[in-house]
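> Generate coordinates for the entire structure from the input sequences, incorporating the hints supplied.
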Amino acid sequence: MDFLSYLPFDLPHPALLLAGVLEGTVLAAVLALTALGLSIVFGIMRVVNVAHGEFYMLGAVLAWFVTTWVAAVTGGPPWLGFAVALVIAPLVVGAIAAATDWLVLKRLNYDPEATIVATIGILYIIQQLALTFYGPYARPVEAPFDFRVATPYFGYSGYKLVVVGAAIALMLVVWLVLTRTRIGLVMRATQYDRETAQAFGIPVDKVYAGVFALGAGLAAIGAVLIVPIRQADYLMGGDPLLLSFIVVILGGLGSLRGTLVAALFIGLADGLISTIYDATLAKILATLLVAMVLVFRPQGLFGARAA
Amino acid sequence: MIKSILLHGAVIALLIVLEPVLSEYHHGNLARILVLATYAVGYNILFGYTGLLSLGHAMFFAAGMYGCALMVRLAEWSVGPAFLFGVVCALVAGLVVGMLALRTIGVGFMIVTLMFAEAAHLTIAYYNEYTRGDEGFTIPQAVRTVAGLDLSDTTTRYFAALVLFSVCLIGSAALVQSRAGRVLVAIRENEDRVRMLGFNPFRYKLLALVLSAVMAGAAGAAYAVLFGYAGSTFASVQYSIFPLLWVLLGGPGTTLGPLLGTVLMFYLVDYASGTVMPGLAAFVEGSFGIEAPGLASAYLLLVGIALVLLVLFAPRGVLGVVRARVMPWLP
Amino acid sequence: MAADEITRGTNRRTLLKGAAAIGAVAAGSQLLPGAARFAQAQSSAPIKVGFQVHRTGIGAAYGRWYDRTTKAAAKLINENGGINGRPVEIIAEDDGTDPKRGAEVIEKFANKHECDVAFGTLFSHVVIGSAPRAGELKLPYFVVSEGHHVASGMLNRYTLQPGITDVKSQVQSMAPWVADNLGKKVTMIYPDFAFGHDHRDYFSEAIERQGGNVIAKIAVPPRETSFFKYLPKIPKDTEVLYHVMVGPGVLTFVKEMGEYFGDDRPEIFGFIDSLEAVDIASPGLEFLEGSHFWEGYPRYAGPNQSEHDKFYRAAVGVDDNGASLSDPKDISTYAHMFGCWETLHILKAGMEAADYKGPKDRQALIEAVENMDVFPESQAHPQGSKLFNGRTHQAFAHQHISKVEGGKLVPVHKTSIFDTYYEDEVDYTKMSF
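Residue numbers (my numbering), protein chains in the order written: chain B, 1 to 307; chain R, 1 to 331; chain S, 1 to 433.
Since the hints were made in silico from the structure, they are not lab data.
Hints are supplied without guarantee of correctness; some may be wrong.
[Unchecked claim] If you anchor each label on the Cβ, the simulated ranges turn out as follows:
#, chain 1, residue 1, chain 2, residue 2, range
1, S, P235, R, V163, 55 to 65 Å
2, S, E286, B, Y153, 13 to 23 Å
3, B, F200, R, V185, 31 to 41 Å
4, S, D237, R, Y127, 47 to 57 Å
5, R, V326, B, A72, 51 to 61 Å
6, R, Y127, S, K360, 43 to 53 Å
7, R, Q238, S, E114, 24 to 34 Å
8, R, Y130, B, A72, 51 to 61 Å
9, B, P203, R, V284, 52 to 62 Å
10, S, E114, R, A282, 41 to 51 Å
Just so you know, these numbers come straight off a predicted model, no measurement behind them.
All residues carry an ideal CB built from backbone N, CA and C; glycine is no exception.
Structure below.
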């Protein structure tokens, strides 16, 4: 093991490595959950939805409202409110997204630049409505169940591992829907060639509204799952927006497999580099690393080269 | 061409004439707006004319700001040379980022510029010892002089900002009406055709990006010396999105759009946060007895609504509409 | 060494003199009912106070409570006859927790609203971005920021911080108690930006003076949303873990600390900033039981509550647990917001001492405040007595250490004002106006 002494850094303590891997995996799951909806919307509609992070924030804020309300009305355990939130939040957020598509995006004919501007506007509208009705506070939502996993070095939240599992399950479901069902076929047909799909009698308008709602709903489900390990606050949409964009681009346009690999890559890069270097320096290096991958492989890890 | 010279001359003349007329409040606002509009003019060269949407321009603004402010703070340079150094920093940053980021297109370009800017923002935080990070530092009033002129004096500041803005405005107008400018527009419309005609689009895009970065950096350095503060907030994502909004509002691909957009957005935010939303909140409280502290602060709601309406009904910005309907010759 | 002793000696004498004065002034103030001055009002035009407030952006939770406290203080002052017989009008403008907008708002106060003074705001970058403009516009700017920027000499003659102690005072005054009661080997975990670095630098110095040392310094990057991966960097032989965090991720930070340690934790000492506006009884925070916090002003009303605190709480609308009277889930920023209340009262006292009539008396107002040295505990100063250093424009006050017991914060130690004092780093009174 002598050669290790030539490494440009000291090997981190195993406790640090373990924490880096665990946290990196959780971050990857969080990113996969938030990027999933974005990836579908981006892949199928070729729409850059800047307001995606706000749909995520809305999901978290709704989770707070629903769990608080259920606890107050029924006095039931935390998992009850959580289960209700898991159903209500994506439905409400999906409906809002469908309305947005119908009121704004459709009228813009999904023109890329116009959509970016419109969704920046929608971002502000959603964020400010949250500030008005929810307030500026970061509020906690209790996990439906929690247990502490003991490692040789430290304790770890069991719920975080559940989030990892949920992320995998959700991705699997979405993949199955896209590849094995009629709805998925319709979506892929629309993605492949919009005009031809229309000619074959596919109601492209409805598919688009549905896809946009699905993307937002997935963001909301992700938010409900994640909010017990974070909090709900009205500015929380910014962070996943940037990171999940990066994940989607890095993974390659419309490639679910790419999204997953990119989420893992970014999560683990962030987790592990920060165990070796000073944390802020690690963030700088990780950011530059991802940027360089994109510079030298603009089509992403798994995407076909864009026309 | 004559029309264009007359138009730009008239705008600059108007800004000169306004100086003694404006109330103190609008006078102060306009001085700041001119600095920010310089940033927007630079952004417009890349976005409006060349069709490249950068989400990382704050790094160029910050390169100018810190290049200048740190030289004043640490090396005790006087602000004149420090300003030039800031502009050089932005130029170098533009070259380096351009060489790399211009290998990508479309959304890839947005993300790569965003990430370089994020790395720059974090770098400012990392070298906190020198930069004071997010908190930033002031540049004492006493050293903010150039050739014996006190830049913190309101009139001097106004004219300093106006000179900077005018140079960049005329520069951008000259550029877009030159042969190189027409190549940039052609790249925006159809890059492949430009390549087929025997031009090297990369070199023109790099030119646009570097010029854009230089103007952004000049604006950043000017902000530091005119308003006496440098801080890493100016390197954050928000400050990359601002010039995009200003340009979109005023009219991308029009020389005067950036100024108009910056003015409109400034007063929209100012009016909405100071008057409309608190008034609305008071009305709700008075009529329905509901206390609405959140509503009073939700002025960005109006900004959001304005953006959506704009893109639905005037997607080419105010001057884009004017050009389409009234003045087709508008540069 | 010798020179150091002399300055410390001088400071101590100044302080003792001040401490004696506190008693005298407190007695005297009883004789001056506010209404007596009301009759002599010459002009009834309101005194306009431009209030720079974080309504949006990351400071919004603080801003909302700064707003409520300020309104309550203004209401009280007006009920008692206003300032020099003139009512106070608070003109609030959102600074967006942004230094550019902050500077713009200062200009708006001076040039559009024609305010007499500007006041408010917490986040240091907004203060530092705004102060140069306040100085150039010659607008007195009273900040409630707890940053060391005022006393460090970075700002200008027009910027003052008389209502709250700065971070340097807060941090250094904690070291003796921490070293005596919790341990001498300290690991610090703090945000990697200026505020965190102030904690790192001032506490490291202060604990070394107590014979202790900081064995590890863990900086967390700005805008981090998960913190767990930094915790294994805490050395095993840590006796005291010192934490301070700000922003919306604070609860995650503290919860993850609990998951990490379980039952086997070192002594934990935190700044309440890590849990300001957050309920101590939130799920996941049980492990904090028995740990300690710095508090600028104790959040929970204990058995020793002063009548002034009782009055202040009721006026602002805060219950005995530090939450809003109308919504027990709405936790106040109790350790900081008192600064708004006290600053407005100092403004009143300053304007009355300077016989303030209008903007031309702004210099006289600054000089009047610079001449103050003691703020005795009173309705106007419910947090407690303070000493004000006119040269550095900075106030010094008692600090509190509280222990978490039964999901509440129970005060266990109150520092002397002397613990917060440090040598002058600037003399603003020597600067021209």
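> For a quick check of understanding: which of the numbered hints are violated here, in increasing order?
Violated hints (numbers, rising): 4, 9 and 10; every other hint is consistent with the structure.
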